[in-house]
Amino acid sequence: MSPAKTGKAKIARNGEVVVSFKDAFLVHMVCGLGLAVAFWFAHNVYAVNLVSDPAQTLNLIWVIECPIVVILYSLFRWNPDQCSFLKAAMRGLLGLPAGAILNTFGAVVLGAPVGSQYMKRTVNWSILMSLFTVVPAASVFGTSWKDWHRLFAYSKPTGVLDYMICIPAHGAAIGAWFGAWPMPLDWERPWQEWPICVTYGAVAGYLAGMVVSLGFTVIYGGRQQHVKGD
Amino acid sequence: MVGSSTRKWELIWPVFFILILHCVAILLFTRGFLLTRTELSSFSHCSDVLHSPCFPHQSEDLSTSSSSSPSINLSMTDRLEVGDRDGRCWTKPAVDRLVIVLLDALRFDFVAPSTFFDEKMPWMDKLQVLQKLASDERSSARIFKAIADPPTTSLQRLKGLTTGGLPTFIDVGNSFGAPAIVEDNLINQLVRNGKRVHMMGDDTWLQLFPNHFEKSYPFPSFNVKDLDTVDNGCIEHLFPSLYRDDWDVLIAHFLGVDHAGHIFGVESTPMIEKLEQYNVILEKVIKELRNQSGPGGLHENTFLLVMGDHGQTLNGDHGGGAVEEVETSLFAMSLKEPPATVPSEFDTSTCKLDSNGKKTCVSSIQQLDFAVTIAALLGVPFPFGSIGRVNPELYALSAGTWNQPTINATNCINWSNLEEWMQTYVNVLCVNSWQVKRYIDEYSASSVIGFPSEDLLRIAGIYAQAQDKWSDIVNNSFLSGKDIQDKRFDTSLCTLRELIDAYSEFLESVAELARSKWTEFDTKMMGVGLGIFLVSLFIHFVFIMRATKLHQVSFPTIGDSRISLRLIFALSMVAIRACSVLSNSYILAEGKVASFLLVTTGIFNLRYSFMNKKMFMEAVVFLLLISILRFTIEIGLSKNAVGTVLLTGGQVALNIIAEIVPILTLILLGYLLYTTIPGNSCWRILSYLLLTGTLISYMLIALHWTLESDMFGKPLVFEGIGRNFAPQLIYAIGFGLLILLVFAQVFMPQKGSINSGEILVIKTVAMLFVWSSTVIILLGRQGPLVSLGSIIGGWCIIRLHNSDLDQNHSSVGALTTNPLPVVQWYLLAVCLFFSTGHWCAFDGLRYGAAFIGFDEFILVRQAVLLTIDTFGVSHILPIFGLPFLVSLQNSRFQNKQVKRILLVKLLQVFLIYGLITAMTTMFTVICVTIQRRHLMVWGLFAPKYVFDVVGLILTDVLICLASLYYFCQIEDDTPQDTVMKK
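Going down the list, the sequences are from chains A and B. Numbering-wise (this note's numbering), the first sequence opens with residue 226 and increments by one. Numbering-wise (this note's numbering), the second sequence opens with residue 315 and increments by one.
It cannot be assumed that every hint is accurate.
Unchecked claim - Capping the alpha-carbon separation at 27 Å, the derived lysine-lysine pairs in DSSO-like fashion look like this: (1) Lys371/A with Lys381/A; (2) Lys598/B with Lys673/B; (3) Lys601/B with Lys509/B; (4) Lys371/A with Lys529/B; (5) Lys927/B with Lys371/A; (6) Lys672/B with Lys446/B; (7) Lys650/B with Lys509/B; (8) Lys446/B with Lys434/B; (9) Lys247/A with Lys312/A; (10) Lys598/B with Lys509/B; (11) Lys928/B with Lys381/A; (12) Lys381/A with Lys927/B.
To be verified - According to the in silico footprint, chain A covers these stretches of chain B (three or more CB under 8 Å from chain A): (13) 890–902; (14) 905–916.
Simulated from the structure, these hints should not be mistaken for lab results. C-beta atoms are modelled at their ideal positions from N, C-alpha and C, and glycine is treated no differently.
Next up, chain A with everything else stripped away, as it sits in the complex (with noise of 0.2 Å):
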């Protein structure tokens, strides 16, 4: 892990904004891989699963994702000469929580279950969902109101570092949207519990995003095109 996390360091500190596909193909690598090694880690070493523990389970993924991608996007910040390193990552760090009441909020007004025994999980589930959704924004760039409303009102992203951002944040949260349809039906499997389709439904959506963001990176490359994402 480690030294594949420097090896971008070096790169990036190269470039400016301008990221090129190599980059974002790492990074949504190392991401994408953060997520596999946590669900490894989890299955492995702590012998839990979603169904078996959804709580335990996600803090796990959200504890070891959460460095990667604050210290990946830190990396990416905008405007590096006035903004440090250290500044980018506590961004990212306290986007974390506020991404997290956002997300509660959005899940339990769609319907996710209250109650005492739903709070740890919901809450860790939050915590998952803002890392895909929030953090990476916020790190890259911190309280510009301008970026923030381009990428998450108009969904209007331009360049590498707007498709990175937005396409698998918006991935992350369509599917989880779509990932709650399975919870009411009557299979009596462990896995519509609340969050755990909802869970596989973002990661999917979040994979799904980084390949689709990748996809664009391809196309309008180096370009700062005006794209009209969903």
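Assemble chain B onto chain A, guided by the hints.
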């Protein structure tokens, strides 16, 4: 004026056309799908049998035959009369006591030996004790394949088993909500005739027979995940009962197999464990019975039945008409061994060697025949509505049907047992046929939708034939008497057989006719209905397009017809909601699905307001509101599942809050009304009346609730009057104001100065508040909160909608109506339906609401109140509130052109709303068509269908009324138009 009204009609005729189309389509479909049967309230009595032709000389011969020596009476009639004097009723009691062990969802292959099937599965041959008895003691024990009729749900099956009829989805009877059986039935006959019935197990029995059992030990059946509570309760009470003599009929209803099937499926360890447990229990039961079956023992002449009420599929589902679901088993055993087995020609059994190499026979019986056979065995009158036939094999199992206890038996030794039995059986069949004929006649006479007359004629013919044969034999035997007994000996077997065949033919054709009428769907009719429905949807769409065109004719500047993202979004929301009704799980969670989709649109809005940097507050408020609604929906759903809610609450503070909050909300509502209404000048008197009327209604509501609550202890002298007086007055005021409002349309003063949008707003507000008081009092204390919620929700939708209108189209009334707010409006209405504690099942109706203000039951009045309660907040208010969506946005424009655009837009909104409702209903219809053999069809899909269809028709009617009401403006408008042109 003529011209104006044609212009009005030109606008709104599509609404009426669609109403008619929907009515036709639904009528046709319903005729094919919803089978109905009328419950008759007649009961069989012991004495009825005197009117039957089976006792032709009853009245005149009663004295003579009784005085003459019984030893020479060999005719069947006389023997019956002898029996009569023994104190029996329709038939001679053949068994003394009956033990029914009912194992819910007992598949046929649980009981029958595995050699009867192609493949031995793990769940077979588990009830070894029954198989062993059936093969060892073939004359007294037998396994039957019992064939049930759909719907194969426990409640319907118990009803079918005890009434001997074919319960349909809607048994039109006088039970208003409660499932208790009002028809004549076996249990009722047992109780009437002095049998003591004890029951233990599934509490469904108590729902059906609330006060029939002398002793009952009910256990809750709703928790499917609980495999053992009911069974353990049964076991606990069953064994002690076997030693007691305080019962005649004992029913033990075990649920474990049903629950194990529902949760784990048939091929699972819990299921096999359950079956093994049952084997042990049954072994013990039979041992206990046997121990006491000696002469003079407690169970000397006891009859044991081990049976299922329906089968189940491998997944453990049941309800439909699949082979696995309708085939259940029945094991019957008589503790007193009959002297012979049933004659071969009546024997339907197939015999095979079982796995131990012993011969086992399995017969077949219709569940329809159960009630009448048991009634015949116990000697009680047959249930009035039974159309079954006394099953010869089951009947012959009891020794009591063989040994004639009277002197006859000793007198005619040369009669074989067999003939004697057949004689008895013919007698029973005669009574049986007479009773079925009587039922059919009475049913055709009293039911609106009876049987086709040609079928009735044919059946009457068959009956007459059989009866002729009967009287021939009877007359012969009377004329001949003892002298030609030898001759009879030769012929009797043959004639008896013919007679039995004739009666059986009659009974079978009746059953066939009844089945075709009560259990088979008319697919052709359903198809036609569905087709018309589809066409109506298409026409609906065309009408919307036409409205758009009208719109563009009057305002040709805008030709923008690009399909926007938001149109697709709105369409996909409707599509998801429509498709969700295809699955039973989503129907169960319908409220959640609706709120999920509504929140999704809300988030979409939030994103827009985020984008445009305005109306942010509204979007958030909207989301918060829905999340509150969502919790109330969940409370409603849990009520649906569990029964009654928590909230018994001992805290005084909580109670006081619960009392006061609604009243405070009511005051707030009144204030809202006060601030909205007097904004105009032209309707002064009217608005004054409206205001006072509604405010008085609100005060009355508050008064009513205060009186009802026990906050002030037992209060006030006029309680008795006040309780009914206040609601009645509220209804009256509401009705009066409604009439006033409608008449005001006609005589409304013409004022050109007021712009049309404002008038529309005022009209809408007036209409809503006129309805509000009635709806609120019917909804109870949640009413004001729900109304406030809907007002806030509606307001948010309008504001959000207006914001993006202003943003995107600065020109007047640009483009066609945006469907998104209409979709939101619709979803909000659906959410409100569920959050007010309703759900799409008949037990989801709040029957209590029908009796607010009235004590006695009058069908029409109570039905109207119930409809207003059920659909008030989800159909009536939203539809009358729809004009807000168009009226508020254009309030700043004044000219005539705008007025017309406004109306066209209003029409469009109405049409779109109707289309959304129709689309959802359409999918429900498709769903019940596809799933008509599904296990949940009667439990879930059919109620949903009824609710949706009623909702759709109501929506259409309301849209028609609303358009009549709101479109009055054109009439007021046109004369001015012409004047101005001049």
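Right, here's what the structure says about each hint:
1. Lys371/A with Lys381/A: Distance of about 12 Å is within 27 Å: holds.
2. Lys598/B with Lys673/B: holds, 24 Å
3. Lys601/B with Lys509/B: holds, 25 Å
4. Lys371/A with Lys529/B: Violated. Lys371/A to Lys529/B sits at ~76 Å, over the 27 Å cutoff.
5. Lys927/B with Lys371/A: The given pair, whose Cα atoms are some 12 Å apart, holds under the 27 Å limit.
6. Lys672/B with Lys446/B: Distance of about 9 Å is within 27 Å: holds.
7. Lys650/B with Lys509/B: holds, 20 Å
8. Lys446/B with Lys434/B: Roughly 17 Å separates the two Cα atoms, so the pair holds.
9. Lys247/A with Lys312/A: Judged against 27 Å, a Cα distance of about 25 Å means the pair holds.
10. Lys598/B with Lys509/B: holds, 25 Å
11. Lys928/B with Lys381/A: holds, 19 Å
12. Lys381/A with Lys927/B: This hinted pair holds, its Cα atoms lying about 16 Å apart.
13. 890–902: holds (count 5)
14. 905–916: holds (count 7)
Of the numbered hints listed earlier, the single one contradicted by the structure is hint 4.
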